[in-house]
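Chemist: Let's have the full structure, built from the sequences with the hints guiding it.
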Amino acid sequence: MTSTGPQEPPTDAAPAETAPEEQELVSVSDSRWRRLETAGFLALLFLAVFAWFRQSPLIYDSDSYYHLAVARLFAERGLVDQLPLRASELGDGFGDKELGLHLFLVPFVATLEPVLAAQLAVTVLWTAVLALLALLVRSLLAESAVSPRWAYLLPVLLPWLSSEFAWRLVRLRAELGALLLLLLSLHCVVRQRERWLVPLGFLFAWSYTAWHAYLGLFGLIFVWRLLVRDDRRLQILLYPTLGVFSGLALHPHFPHNLTIWVLQSFDYFQGKAANLDVGNEIQPHTTDLLLRIDGGLFLLALGLWLARRRAAVQLPSWSASTLAVDVWGWAAAVFWVLYLLMARFSIYAFPFGLLWLLSLLAANGGFERVSRLGRLRIPLALVLLVACLAAAPETTKQIGEYRFRNHPGPEQVRLRDREELARRIPDGAHVAARWQQTPLYLWWAPQGEYLNVLDPIFMARTYPEAFDAQWRVFHGQEPDTPLVLARDLDSSFIAFNPTAPVGSLYQRLENDPRMVKVWHGVNVLFRVQPGATESFVRDWSPVESVSAVGPPRLGAEVSADPWRALHAYVRLPQPEPALESRIECSVLATALRLDETSRFEFAPWDPVSLWRNGQLLLDVRTSPGAVLGRGLEFELPAGEHTLAVRRCAPEDPAAGFFLRRLDG
Numbered sequence: 050m051t052s053t054g055p056q057e058p059p060t061d062a063a064p065a066e067t068a069p070e071e072q073e074l075v076s077v078s079d080s081r082w083r084r085l086e087t088a089g090f091l092a093l094l095f096l097a098v099f100a101w102f103r104q105s106p107l108i109y110d111s112d113s114y115y116h117l118a119v120a121r122l123f124a125e126r127g128l129v130d131q132l133p134l135r136a137s138e139l140g141d142g143f144g145d146k147e148l149g150l151h152l153f154l155v156p157f158v159a160t161l162e163p164v165l166a167a168q169l170a171v172t173v174l175w176t177a178v179l180a181l182l183a184l185l186v187r188s189l190l191a192e193s194a195v196s197p198r199w200a201y202l203l204p205v206l207l208p209w210l211s212s213e214f215a216w217r218l219v220r221l222r223a224e225l226g227a228l229l230l231l232l233l234s235l236h237c238v239v240r241q242r243e244r245w246l247v248p249l250g251f252l253f254a255w256s257y258t259a260w261h262a263y264l265g266l267f268g269l270i271f272v273w274r275l276l277v278r279d280d281r282r283l284q285i286l287l288y289p290t291l292g293v294f295s296g297l298a299l300h301p302h303f304p305h306n307l308t309i310w311v312l313q314s315f316d317y318f319q320g321k322a323a324n325l326d327v328g329n330e331i332q333p334h335t336t337d338l339l340l341r342i343d344g345g346l347f348l349l350a351l352g353l354w355l356a357r358r359r360a361a362v363q364l365p366s367w368s369a370s371t372l373a374v375d376v377w378g379w380a381a382a383v384f385w386v387l388y389l390l391m392a393r394f395s396i397y398a399f400p401f402g403l404l405w406l407l408s409l410l411a412a413n414g415g416f417e418r419v420s421r422l423g424r425l426r427i428p429l430a431l432v433l434l435v436a437c438l439a440a441a442p443e444t445t446k447q448i449g450e451y452r453f454r455n456h457p458g459p460e461q462v463r464l465r466d467r468e469e470l471a472r473r474i475p476d477g478a479h480v481a482a483r484w485q486q487t488p489l490y491l492w493w494a495p496q497g498e499y500l501n502v503l504d505p506i507f508m509a510r511t512y513p514e515a516f517d518a519q520w521r522v523f524h525g526q527e528p529d530t531p532l533v534l535a536r537d538l539d540s541s542f543i544a545f546n547p548t549a550p551v552g553s554l555y556q557r558l559e560n561d562p563r564m565v566k567v568w569h570g571v572n573v574l575f576r577v578q579p580g581a582t583e584s585f586v587r588d589w590s591p592v593e594s595v596s597a598v599g600p601p602r603l604g605a606e607v608s609a610d611p612w613r614a615l616h617a618y619v620r621l622p623q624p625e626p627a628l629e630s631r632i633e634c635s636v637l638a639t640a641l642r643l644d645e646t647s648r649f650e651f652a653p654w655d656p657v658s659l660w661r662n663g664q665l666l667l668d669v670r671t672s673p674g675a676v677l678g679r680g681l682e683f684e685l686p687a688g689e690h691t692l693a694v695r696r697c698a699p700e701d702p703a704a705g706f707f708l709r710r711l712d713g
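Final position of the sequence shown in my numbering is 713; the numbers increase by one with none missing.
Just so you know, these hints were derived from the structure itself, not from any lab. We put the CB at the ideal spot given by N, CA and C, even for glycine. You can take every hint at face value.
FRET-style restraints, in silico, Cβ to Cβ:
| no. | residue 1 | residue 2 | range |
| --- | --- | --- | --- |
| 1 | Asp130 | Asp279 | 43 to 49 angstroms |
| 2 | Arg126 | Arg418 | 55 to 61 angstroms |
| 3 | Gly570 | Phe453 | 15 to 21 angstroms |
| 4 | Leu434 | Ala369 | 28 to 34 angstroms |
| 5 | Glu86 | Arg424 | 33 to 39 angstroms |
| 6 | Leu202 | Thr548 | 39 to 45 angstroms |
| 7 | Gly423 | His261 | 44 to 50 angstroms |
| 8 | Thr548 | Arg126 | 30 to 36 angstroms |
| 9 | His569 | Asp141 | 30 to 36 angstroms |
| 10 | Thr548 | Leu681 | 25 to 31 angstroms |
| 11 | Phe453 | Leu665 | 50 to 56 angstroms |
Modeler: Printed below as a string of structure tokens:
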């Protein structure tokens, strides 16, 4: 039946005509607001991070100074292929394993003073990493019931909830750039824009040693997608491979960059197994330490999981959500395994773990504003507050530790110390230094030439004799340090921090007349002084018995009785008469003629007895370590004397003694 009265237009007619325009306006408005919101977030984050770093005039982490020194070298001389290192694979050929970071730093160090340059550079990297994390989290929160502004909150709180993650962020190291490139690369796979993996892979090969891990990760994702999702897109593996190998081949230090890669990626871990001094960061954490420093982050992750929507969602294997779960899931799995083996991988494990958790929740319907724990409904904001409070004690402690380590000291004594030490190192001086402290010296005293930097493996594999010698020296276990410095380490200076674990090194050098103290502050600098051996008694010869009276019978046969004479005396190989004063001993004797009463110091390495004219004078039953200044003192009257030494454990290569005159 047809109505003849006036007809009202359908209620949805007008909206049907105007809705697209209104939706477009709303979309444009939202887009503009999001861009403004993102820009404001970036600006605030940058200013907050930069203000944090500007609190101190120092740069945290000695490796940061190495990167600044290389960038300065590039700014001054171009892409050099040699560093001022005399016993390191990073010397001739260089093979710069962090070329991308150094090129990034060049404009900073070329235009700004060094501390500001470093602080600004690390601020840029830190801001880029956290901002990218925020954008990735925001895309994953799109289907959730919580506010998208959580996307800005979660990444910013990561350093607070995990003080271990924060410790990695404050270092000006290549791992910050590597994390940024990995996040971008994996996001390209999620968005199915794999062509971008060619330039990103190229940059990764120039920026970080572990390019094999980059390829391995994409290989795992490709195999998983092929076998489980029937995804046959070869570009997931092909494009990153093309990018990485292009970067390796076009590296300005090719092929030495591959030599460095072998050392860093394979020999490095053999050195770790052999207890090579590679630092604590490649050791795993104990469970209690892990919970203490990262417990807040684990609480937040648990709260997010309990806030998930319960309805199961079946997604096709080709869906974007499934792809995101696969990509972030494999990244989290790989780096969490590595993190449990080596603490240094925390910088990758936590961001990828967060992205995997959020992608998994998003793929299954997202999550809500409350966490359900049994019948309890806990607001997600409260979960976040509890996590922050739980992390507060450890985080505030670590903030205090950071400020303490980065404090310049009263009247900026640490800065003045480095400046003074640098002024006392001549141009071209050969300086022996520990690899841990060489980055500081490379930056503050670039005119010197050093041994090794960054990692002991670069010295240990190629220069094993020099590595053993410097290990003995810097652990205070080399009794004749001046001789070893000059002969084995080709060094005329030695620089170190006496508060570092260097054993008795400082005491050995301080009281040795063959060493001259050039500077003593937070760091110390000694110079080798050849020829200063007049006070040492060095003319020793083997004898038959310590009971011999009168001048020793030079060249006499040594008795077979081990209690009378252990082994014939043999000088150190390749003797340096200007420096050699320590005597490798068995049963040895020397004749002295004194015009007046004289004082002597006797400093043996291990148990030994000293005899005068056949009578026991000193009997050392401990192992004093042959430290000059800590030896036993005695007097001899004017006249002729025969001194004999018995038992210096000749099977010990360090065994020996010093005998020096203290007056005259």
